Structure formats: structure tokens, C-alpha cells
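> The chain contents come next:
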Amino acid sequence: MDTSTPLRRFLAEFLENRVAVAAAVVVVVILLLAMFAPLVAPQDPYDLSGLTLRDARRPPGFVGSTGIHHLLGTDAQGRDLLSAILYGLRISLEMGLAAGALAFVIGALLGTGAAYAGGRIESLIMRIVDLQLSFPAILLAFVLAALLGQGRGPLITALVAAQYAYFARTAHGSAAAERQKDYVEAALSIPLSAPRVVLRHILPNCLPPLIVVATVQVAAAVSLEATLSFLGVGLPPTEPSLGMLIANGFQYMLSGRYWISIYPGVALIILIVAINLVGDQLRDQLNPRLKR
Amino acid sequence: MAGFVLQRLMQAVVVMLVMSALVFVGVYAIGNPIDVLISPDATQDIRAATIARYGLDLPLWEQYFAFLGRVLSGDFGTSFVYGIPVTQLILTRLPATLELTLTAIFGATLVGVPLGMYAGYRPDRIFSRVVMGLSILGFSVPTFWIGLVLIFVFAVDLGWLPAGGRGETVSLFGVEWSFLTLDGLRHMLLPALNLSLFKFAMMVRLARSGTRETMSSDVVKFARAAGLSEWTVLSRHVLRLIAIPIVTVFGLELASTLAFAVVTETIFSWPGLGKLVIESITALDRPVMVAYLVIVSFVFIAINLSVDLAYAALDPRLSKGRS
Amino acid sequence: MTGPILRVRDLTTRFRSRAGTVTVVDGVSFTLDRGEVLGLVGESGSGKSMTGFSLIGLVDEPGRVEPTASVELDGRELVGLAEPEMRALRGRRISMVFQDPMMTLNPVLSIGDQMGLVIAAHHRMSRADMATRAAEALTRVGIPEARARLDAYPHQFSGGMRQRVAIAIAILNHPAVIIADEPTTALDVSIQAQILVELQRLAREDGTAMIWISHDLATVSTVADRVAVMYAGRIVEHGPTTAVLSRPRHPYTRGLLDSLPSRGEPGHDLAQIPGAPPSLAALPPGCAFAPRCGHADAACGVAPPATEVGPRGWRCHHPLEEARR
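Protein chains in written order, with my numbering: chain A, 1 to 292; chain B, 1001 to 1323; chain C, 2001 to 2325.
With the rest of the complex left out, here is chain A:
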């Protein structure tokens, strides 16, 4: 393998860990499946005309009246579960990625900004961040989602509010260290505007730890979204994410129809575990303390 550039070297190192590579492949496959759900799903699960109650709550492997082979069974409306999961993954990932990206931007700006500003502004921002970090994220998200009501906007707001602090903490940590270095002093001594110094000089150097936090937080956001939707304070029933699918199947589980809840959960877990494994490897590679 050509190891002439840092990026190539990084890739070569990543490829050495088979578990991480497998996890990365899984993440990519899931992303593609979610993106092209309408093309790969056996059925459009939300086209009501294609559904018939005769096919409802059938076990995995059942061949429906419309001729569809229901690999993972059907739900209470006679929907093909595999199709519902693919569409659900799509919604879950959209929420997780949107919340993660927004939290990334807000947290990174707050953290680096605080480190740049210094003094009282810095200590005030970081106090709030620390206070919030010691508060369980799920409770905050849950309360906000409950107060703001159902829907994509409120949900993303709740997720971002619960997660930006992790990014802010991380960004502040490395930015504060970066701030001390000579090149930032040098950049500040020539009349460059403050935002420019933060954006062009400080932020790029904080990126590696932020990327690690981002992978972990996207997984956390997906899990949190599922939990909120399961509790009924997330997305409305018209937008069934994985959490909603699991919640819908809950009542049928007691009568032994496990698949309606279990399979969406399995999909959720594969996604979360895969992202976390990739994140673990990135952490090992990007953490300078672990470097020999």
C-alpha cells in the first residue's frame, strides 16, 4: 500500500483492523440500503392500497396474497416488515445525521469560540456545558421533545440540545491547547479578523477528536431518537422510524408475535454497533496518546 500521504497512511492503518473494516462496510451498506429504500424494498410500506389486513401479523417467510415473499413477516397492517425496516432506517438515519451535523457545528463553534474569547465568556460557556454534561442527556432530550411536541423540527432540536455539549467540550479542549501555540499567536499578531483565526487556524486542528465524537454521537442520536419515538414523544406516527416500528410491535409481542418488534430492533442494533466499532477504531487512530 502506498503510504506517501497522511490520508493514505491513515487508510492503511484503518484497513489493518478487520473488525473495523467489516463494521465500516456494514455502515456503508446500511446507508445505501436506506438511501435507495424505494428501489430495494419489496413493497412501498406506506402505499395503503398495496396492503391487505388478510396478510397482517404473519410470521417470517410468509408469502402474502399479493405474491410478496415476506422475509421478515408482516406487521399489524399487513405491511412487509423488511420494507418497513428499510424505510424506517432511512428516517432514523436522517434524524441521527441531521442532529449530529447540527450539534457538531454548534458545539464546535461554541467550543472554539469560547477558547478564542477566553476570560469570563469562556468560563461562562464552559460552565453551562459542564453542567449540562453532568445532566443525563436522555432526560433533557425527553423533556424538550415532550414540551415541543411531535415532529422533525422539535425532535432534532431536542437531540441537538442534548448532544451539542459533547462537541463543545471536545472542541474547547483541543482549541484551548491550540490557542497556546505559536502559530496562533502569530496569526493573531497580524490583523486577521477573529472569526478567520478561529475558522482557518484553530478549528482545523480540532477536527480529529471532533470526528471521533461525531461518530459516537450519531450512533447515540439514532439510539436516542428510537427511544423517544418508542415513548411517543419523537416523530409522529406518519413518519415511522425504527423506534416507532418497535413500539408498534410491542403489544403483539405479548401474544408471541415477536418479529414485529424484534427485527426492527436487530436492524437498529446492527447500525449502532457498527457505527460504534468504526468510532472505536477512529479513536484509537486519532488519539495521539496511543500513538507509538
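Any given hint might turn out to be false.
[Claimed, not checked] As a list, the in silico EDC-like pairs of lysine to aspartate or glutamate whose alpha-carbon atoms are at most 16 Å apart:
1. B/K1221 <-> C/D2100
2. B/K1221 <-> C/E2182
3. B/K1221 <-> C/E2061
4. B/K1221 <-> C/D2060
Hints in this document: simulated from the structure, not taken from any laboratory.
Please read these numbers as outputs of a predicted model, since none were measured by experiment.
Got chain A sorted already, so can you dock chains B and C onto it with the hints?
Okay, now just chains B and C, sitting in the frame of chain A:
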């Protein structure tokens, strides 16, 4: 030491004031406060009377102090749904949540720490790998889904344990408890297990990494060179050294367990605070929501305070070094 | 009783892993009389600390003392001794002091508790008796108001005082042998001298024998009755301190002496031994020092035999002349 305690106590009071202000402003930002105080189908007269009584025509800061005064005297208003004072409602639900969360977190710690220490002491044993595998699973899999699987396996498929409810309770100090009866314990087992898995995973990891680090330290080498047995080294030296992060996490997790209890209580129909708050959200029972927020914030701050104090007791460098 | 308190024969410690076997201590033999101080000198990685750990049976996995070795403490064979019996001897008959007192004392246990654990590991006695015994030990190492200090924590002591506490723990059970692994290296120079004198006094008073491990020939020369110089896991030269330091026979000892700042002429460069210590995983055949040695020739491709002349000994094909210095 006294100065340290006093300083932390002051900080806690300040944070509590900030939190109460946030909840208060939140109530204002989210909706008309009158909706929080009386039911939507109240008559105009009652409306006007309530506005006058609670001073809703007064400036915001005056109202905040009035709100604070009511909260301090334990008055959170009356639940729309149950028609009884919220304080009373919460007090009747609190024991169920307390016994569940405490069982979960103590169980997770008492089982997780020794297992984690073993995994750190003998990292290459198969048993240690199994423990670590379990902890990774406990970390990644969402709590609510584990709850479903537990119900399906142990309640539906095997039929060994009940799927929900509190079971038989016994009255002690005028409060109903499940953990005092066999039936109550049977009902508590699955939800407590569900709630504890994440904490268990955390404790295992914490104890393992701490033990691994400590075992190769000079403290341990020196203790061994002095002829201490492996058991004494682990139970007296290593445990004390890793106790500080464990106590911290224990405290913080106690607070987050309260939050996760919302999920577990919903799944297992456990009639505690978490289930109450979910119900109050769906029924827009706002006084209950506000009370829940204030009380949980209070519990959380009280826990943080005790963690700080426990720190001082565990780490002599913090307390005595200052005198 | 007569005869040496410690007799070490052919002590060999190997680390076996998938990558191969590394011999960190290779055929080390020496004897130690009662009250005698033996200086064990060498660069880092020469196996001197590992020799200490091998003696008290605390070699970490996957390391192992070869069963052909023999370590006799007071006439009792330690190699192959079951762990419980070995543990009963550790800290009672043979104990060890480490380099950095910041790292060896447990920061979250009081001095009294830590000493109590060590006493309780070997004796059954009341808490009050333990406290008395611990206070006695602290007094002996020169800590004032020892009783009151039992409740103190390590951070309340200075670095030198902490090392005194560590030494007090090592002498709690009046051991016959103390292994001191660079006990003064982490301390300020002025404190170093105090600790040095203190340990020497204790050894003399109790008749405790001591193995003083150090990379610093200067320190060793002030405390040790005899020295053994280690290189790549082997003792390459040993003998009475004054004899070895004034008339070294092994070129490596010579090199170590020449690189001491006090021996050099002011204003001149210090002499250095060329090259770096070899990796134990890839030792040259024959004499391990040969690649760095100005006297090496074809003969050095074969391991040099041990030469013993009176109280002195060395392993070299081309020993330096006695009269050189």
C-alpha cells in the same frame, strides 16, 4: 472540611435556583401559565380568580419569587388528570421508582465492579472476555429494546416471570414496597435487570480499565514485595484506588437511572414516577410535568453534591490537603 | 549461624512469547553475607531490576525464573517454592524498596493503614500493637512524631520523607535482606545523601544485608562493600568496591567509570561508551559487549568464561591489566 462542605452547599443552592428559573421560564415560553395551573375546561370566573390568586398579572420576576415560594412549601398545584395535589401524587409514585432504580444501580455496581476487577486482573481468561462482550452489548443496545427482549424471553416464551406491574406490596412506614414480598421481587427482577444493564456495562468497563492500570503500578508491586496476598492487594489497595471514578460514575448514573426509569417503567408497566410523567405528557397534565422537572433537578443536584462530598472522604488529597 | 545469608547460583529469567524468547537475566551468581551491601550496577535494560524481582519471585507474566537456578535465603531454596510460602517470606525475610516514593505509596490509604497491611500479612497482632510497631519503624528511619504521622497520607510528606516511609515499610518485619532498586534516583541530590546514610545505618544496626541496584557508580561506591556490574543480563565483573573501581578488569566497567563526570577533567568532554546497549531480543553471539568494545577481536565471538581470582571475577577474553591505573 467544613469550609469545603459549605462551599459545595452554596454552589448547589445556586444551581438549584438556576434550574428552577429555567423550568419557570420554560413554562412561560412553552405555554400560557394559566394552563399549567388550572384545567382547560375551567370557567371564566375560575380563570380570573386563579390569575388574581397566583398573581399572573404581576411582573415576571415577582411571579418567579411567588413560584419559588410555592415550590419551597411543596405546592405544585393540582393534577388535572387525578384531581389531587401533585406533591401527594408524586409521593405515592416515588417509592416504586426509588426501589427500582436503587436495586438496579446497586445490583449493577455490586456485580459489575467485582467482575470488572476480575476482567482487569486476568484479562486473558475466557470468563473475562465473556464479561467484556456482555458489557459491549450492554453499551450499544438501547435499553427499551433489551426490555422487550427480556419480556419476550422470560415472560412470554419461558413464562418464568411476570411481564409487568409491581406485584404484591407490603406497607412500611406508611409506604407500599415491592421488595419486601416474594411476589414483588419476582415482578421487580426483569425491570431492575433491564435498568441495570447499561450501568453494569459501565461499571465493568470502569473497574476493568482501572484495575488493569493499577495492577502494573508501583503501588501494587510494592505491596506484593511486602508479602501482601493477591486478595489483600485487590481488596485493599486496588479497590481503594479505583473507588474514586466508580463513586463519581455511581452518582451520575443514579441521576441518569432516574431518567432511564421512564423507559423501563413504561415497558414493564411499573407504576413509578417515570410512567407518571409519560402519562402526564400524553395527557398534557402540565403541573405534574413541572413538578417532575423540579424534583428530578433537585434529586440530581443533591446527588452531585453527595458525590463531591464522597470524593473528599475518599481522596485525602482533596479534603485534608486543604486544611 | 555462619555462611552467606543469600546465595544465588545461575539465576536465569526468560520471557517467552510468540515473538521468541528473551533472556533478561542470564546466569547471575553471587553471594551476600550478613550486613553486607552489594552494589548491582548497569545501564537501564541491563537486567539489574529484573534480578531483584527474580529474587523475590515477582516476575510478571510471561517471564519465568528457570528452574535450574538456585536462590538460597538463609539456607532455604526459593526457586520453585510454592507461592504462599514465597509470599510469607516476602516483606518478612526479604523486602524491596523502589525508585519513586511518589509511585510506591498508595495515595488514598493512610501511612498507618499501609503499614498495618504489611504487618498483618505476616503476623497476628492487635491494632494497638501494630500501631506501636509501625511507629517504631518510622522513628528508626528518622521520622519525627511517628505516632501522630500514622494517620497522615502520603501527599502530606515530602519526597524524601516518603522514601523514608517506604523504607520503614520495608524494614517493618526486620528482614534479613533488603533489595533497594535505585532508592535515591528520584530524589533531590541533598536528600539522596540522607537516605543513603540512613539505609547504611539501618543495615549496620540490624545486620541486614542489602542489594543496592543503581545505574550510578558514584552512589554505589559510597555505600557498597562489593559491586557487581551487569551488562545485557550478565554480571560481567564483580569484586570489592574499591578494587573494582580503582582497577577495573572489564572494558565495560572501565567505560562506565570514564563516563562519570567527577572523573573527567573540567572543561574536557566526558568519555562515552560508543554505541547503545544491545536489544536483549537480538544479542550478538559471544560477548554481548563486543560490538561496543575497543578491545574486541575474533575471540569475542565466543562467550567469555568466568574468571575468578580471589574475591574478584570477570567475564572477558581481554581483561584490562591490573596495573593500568
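> Now tell me, hint by hint, if it's right for this structure.
Against the structure, the hints:
no., hint, verdict
1, B/K1221 <-> C/D2100, "holds, 12 Å"
2, B/K1221 <-> C/E2182, "holds, 15 Å"
3, B/K1221 <-> C/E2061, "holds, 13 Å"
4, B/K1221 <-> C/D2060, "holds, 10 Å"
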